[in-house]
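Given chain A, put chain B in place with the hints provided.
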Amino acid sequence: MDIFSSFRVSASALKAQTIRLNTISSNLANVDTTHTPEGGPYKKKSVYFQSKPLSFKDELDSNLQGSVQGVEVTKILEDKSPPRKVYDPSSPDADKDGYVAMPNISALKEMVDMMSATRSYEANVTAIQSEKRMVLKAIDLGS
Amino acid sequence: MTTIPGITNQSILPLSSSDSSDVSKAEKSFADYLSSTLDQVENTQKSSDTAVEKLSTGQAKNMHEVMLAVSEADISVRMLVQVRNKALDAYDKIMQMQI
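Taken in sequence, the protein lines are chains A and B. Sequential numbering of the first sequence, starting at 1, is according to the working numbering. Sequential numbering of the second sequence, starting at 1001, is according to the working numbering.
Within a straight-line C-alpha distance of at most 27 Å, the following computed BS3-like cross-link-like pairs (lysine-lysine) qualify:
1) A/Lys-75 <-> B/Lys-1061
2) A/Lys-132 <-> B/Lys-1046
3) B/Lys-1054 <-> A/Lys-132
4) A/Lys-15 <-> B/Lys-1046
5) A/Lys-132 <-> B/Lys-1061
6) B/Lys-1046 <-> A/Lys-137
7) A/Lys-137 <-> B/Lys-1086
8) B/Lys-1061 <-> A/Lys-52
Per label pair, the in silico range of CB-to-CB distance:
9) A/Leu-141 <-> B/Met-1095: 20 to 26 Å
10) B/Val-1052 <-> A/Asp-2: 20 to 26 Å
11) A/Ile-3 <-> B/Ala-1087: 17 to 23 Å
12) B/Gln-1098 <-> A/Asp-2: 41 to 47 Å
13) B/Ser-1036 <-> A/Leu-28: 48 to 54 Å
14) A/Ser-91 <-> B/Asp-1049: 54 to 60 Å
The hints are simulated quantities; they were obtained by calculation from the structure and are not laboratory data. Please read these numbers as outputs of a predicted model, since none were measured by experiment. Backbone N, C-alpha and C define an ideal beta-carbon position, used for all residues, glycine too.
The shape of chain B in the complex, shown without the other chains:
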């Protein structure tokens, strides 16, 4: 006759395990994503600026490349503004929360 093993609570991890800090370091936070996106948007704006500068100094070989760089910068900024709006909305919602 086999005995039924007793119920153990070994599978339940403690709330503050020592590993959890490493996991949170490995995962990127929203702030990290936001700052890397900001960098990318800044890069598109810089390349757009360079393209416009080249156009006005007569170094640009193709007109369409300038216009596309400007469009890319425009779209990136619009996207970033929307993300910022959403983040601010969430912050406002939390601030208005009744406790």
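Extracted from the complex, chain A is given alone in its bound form:
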């Protein structure tokens, strides 16, 4: 476990949170999208976080390493909830009963998720800054 291990752990979290933010941006951009190439309204996407060991080489370095894990987004899943039905008979997308199938996205929830992603990112940046401060203090020991 070298001094840059925690850098790599935090960096993996930064990357994961960036992907999460990208997904949320996609959801917010498509909050009113009623047509997709697959047909039907846009479906909310959510990220799937999975912990991962740093690397095979690090695994061999020490048995402590197994408990220090980074994170990665292994897949982006579609939300299973049904589309939101909005009564709008004048819309060209309306079915025979006058309902339009809208994406199953709540803009409010997406905003909250977005704040959560930003805060997580900031927390990991702070962790990196802490680690850097510690290493620089250790170097100060020499002088």
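This is chain B only, laid out in the frame that chain A set:
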């Protein structure tokens, strides 16, 4: 009645045995460590340079990876400078020694 064996000096090795040169070859000297550390520091600087180049040409996918590469290079250089300072201190101390 058993006799007490005489004291022999077989356990004492001669000062310049033929094996000692092999042992010193197997052990790495400070200079070897310093040069391998120099290589590692150079590598971190190279990867930092590549990361910055990718950022400025728009190929970098993640901003944080660039910043981390730069930080790693920075810390490595600081560490190396401290080691160099210590080595120079030791050299100075020896040079000032009164004989």
